[in-house]
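4 protein chains.
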Amino acid sequence: MGKNRLEAFSDGVIAIIITIMVLEMKVPHGDDMASLQPLIPVFVSYVLSFIYIAIYWNNHHHLMHAVQHVNGPILWANMHLLFWLSLTPFVTGWMGENHFHRVPVALYGVDLLMAGVAYFNLVRVLVKHHGKDSTLAKAIGNDYKGKVSVVAYASAIPLAFVNEWVALGIYFAVAALWFIPDSRIESRLQS
Amino acid sequence: MGKNRLEAFSDGVIAIIITIMVLEMKVPHGDDMASLQPLIPVFVSYVLSFIYIAIYWNNHHHLMHAVQHVNGPILWANMHLLFWLSLTPFVTGWMGENHFHRVPVALYGVDLLMAGVAYFNLVRVLVKHHGKDSTLAKAIGNDYKGKVSVVAYASAIPLAFVNEWVALGIYFAVAALWFIPDSRIESRLQS
Amino acid sequence: MGKNRLEAFSDGVIAIIITIMVLEMKVPHGDDMASLQPLIPVFVSYVLSFIYIAIYWNNHHHLMHAVQHVNGPILWANMHLLFWLSLTPFVTGWMGENHFHRVPVALYGVDLLMAGVAYFNLVRVLVKHHGKDSTLAKAIGNDYKGKVSVVAYASAIPLAFVNEWVALGIYFAVAALWFIPDSRIESRLQS
Amino acid sequence: MGKNRLEAFSDGVIAIIITIMVLEMKVPHGDDMASLQPLIPVFVSYVLSFIYIAIYWNNHHHLMHAVQHVNGPILWANMHLLFWLSLTPFVTGWMGENHFHRVPVALYGVDLLMAGVAYFNLVRVLVKHHGKDSTLAKAIGNDYKGKVSVVAYASAIPLAFVNEWVALGIYFAVAALWFIPDSRIESRLQS
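In order, the protein sequence lines correspond to chains A, B, C and D.
First residue of the first sequence? That's 197 in the working numbering, and the numbers climb one at a time after it.
First residue of the second sequence? That's 197 in the working numbering, and the numbers climb one at a time after it.
First residue of the third sequence? That's 197 in the working numbering, and the numbers climb one at a time after it.
First residue of the fourth sequence? That's 197 in the working numbering, and the numbers climb one at a time after it.
One or more hints might be untrue.
Copies of the same chain are indistinguishable here, so a pair counts whether it falls within one copy or spans any two.
[To be verified] Below are the DSSO-like pairs computed for lysine-lysine, each with C-alpha atoms no more than 27 Å apart in a straight line:
no.	residue 1	residue 2
1	K199	K341
2	K222	K324
3	K222	K199
4	K324	K341
5	K334	K324
Just so you know, these hints were derived from the structure itself, not from any lab.
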């Protein structure tokens, strides 16, 4: 089965997620600078989520580039990833509207954690399908970034109840870690 | 006439449906766990609908894979399916907000039934166009899953007025039946 | 310049228009059949607009099929069409919420008229670019359906102030006229 | 790395932005012409933003046409552009709802300025990647339109606090400047 339509569908869903998030940023009623001020945390949340969704698209792009063919379990592993990404507008809106209170910050982390686990699982299913000696498997290697992210999110969730800014700091730090597209796959494909 | 643009358009519509459903999950005003509690039925409805739309995409993907060319009636049979799928965010939101009351649960079933009938009809129109001896026709076979689903939805609608949980159970059971992509087409194409 | 990306962009916009219209159908607060009743005109408006957008997609699909290449004026003629189509969710929502009062019904006609004129203009620009002896030009012929539609909408707008049901009847009648995809192009391409 | 999926993703995001803007145009409760009147500035803002997004799509289309391959920095420069474009529905809604008050008009200019800078930067990164002697670099030339636009937006922002109509006039004038797709690339590709 070809991978093209899977890529097209994923691109569509990710493009919609990244764009409809802006609808959670409600247009204020006032017309002065002061009426923008309560929107600052909403905007910061929006920026963080935009970067995260962009990272997922970039990594998905790179990952699928090395994929040869897909099957049923791969389709569902991909859907599972899209499910958690689709909740991003909701958790982003809740975190922003509540000015980074601890419970919304923790829930944001839960969504990141679940998406991270789902991505990790998608990689695993893809490697299983292509074989341990495939270009894909060699390019992925031991996937230390995927593992580090999942551990970081899992730590950030309880930490949010101690200090929400520490948790937010972790989210931004993991985003920075992923910011650079996965050079493992890129360099392997060129060699 | 080529099938590519039909696939691309259907992918676009399905990707948007699956993603805008999250907009029916309104961000709560409170910032504690208690304010998330009334959202639980909304979330369960969201999960059910996400699975259903994902199943339709998967099956549509498989179905179109075996299609060679399309004509006017096929375009309209496909639009008819997309129409009923497009109502999913509405019936999902209504069912979730009313904590699975019987009327919204029944209406959800009506939408599933109509989408099921529309899919069934799309298969029929495709088989008619490709001929009874085509790969498509042989792969579809007698389409027992399509028939079972339609019967199940048709029974669930009146049952929702007796006990809404029985109806919901049927919706989840039919989802489980379709969860695995249609192996009939896949195996036929490989042979 | 290739036509592929123009098709892809138009498909995307049309897919989004046809899908976000459902967001104008607000989930009611009640949980019984009575609370659905005020939604009936909204639903009828939705059905009418869904059919119209589907017709535009079908005809656009057929039209672009015969197109060889595009230029700047074609891109802008296409954007102009998409602009008027993009207002469909707004005029649909207004007409539905006001139970087919005369002003919203007339405004709906204005949007149909402008979209009809824009489509007519797109056809004209395409024919000009491809030449009077092109397959496209021959297939279009004298475009009587386009002319009839524009005249019908232009009559329906003042008629809406006399009797809104007559105007609505015209909208449904023109939809029926276009329901069948443009066989002129299809038959010409096959010969 | 191929440019196809980058184009497809950008098309998707731009198509969604241009279409969801209509959701900021809230359906009025009244059913007469008077209830449409407060929507006039919202509609004018919508038209301006629709033209801007259409221009960006047209120019992006032309720009990517001359691109041969993409890398990480190009992906991110493109995401950066999409970020500022994604804020268009918000700034459009705020400017329209406040009937072109100075602060929203200035903020609209800030978004245009940032998008202009991001586009300018995308061009720069693309030229760097393809080399100074590439078709792309020669076609872009000294990019006077990009420079003029950025200077115009930067002047319009403080001017909005003096007279908001002057700022709006500048926005419309720059839109007119870009209305015609970039003939530099087109003519260069044909030669």
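Hint-by-hint comparison with the structure:
no. : hint        : result
1   : K199 x K341 : both (25 Å within a copy, 26 Å between copies)
2   : K222 x K324 : neither (44 Å within a copy, 39 Å between copies)
3   : K222 x K199 : neither (37 Å within a copy, 34 Å between copies)
4   : K324 x K341 : within (19 Å within a copy, 29 Å between copies)
5   : K334 x K324 : within (12 Å within a copy, 31 Å between copies)
Violated hints for the displayed structure, listed by number in ascending order: 2, 3.
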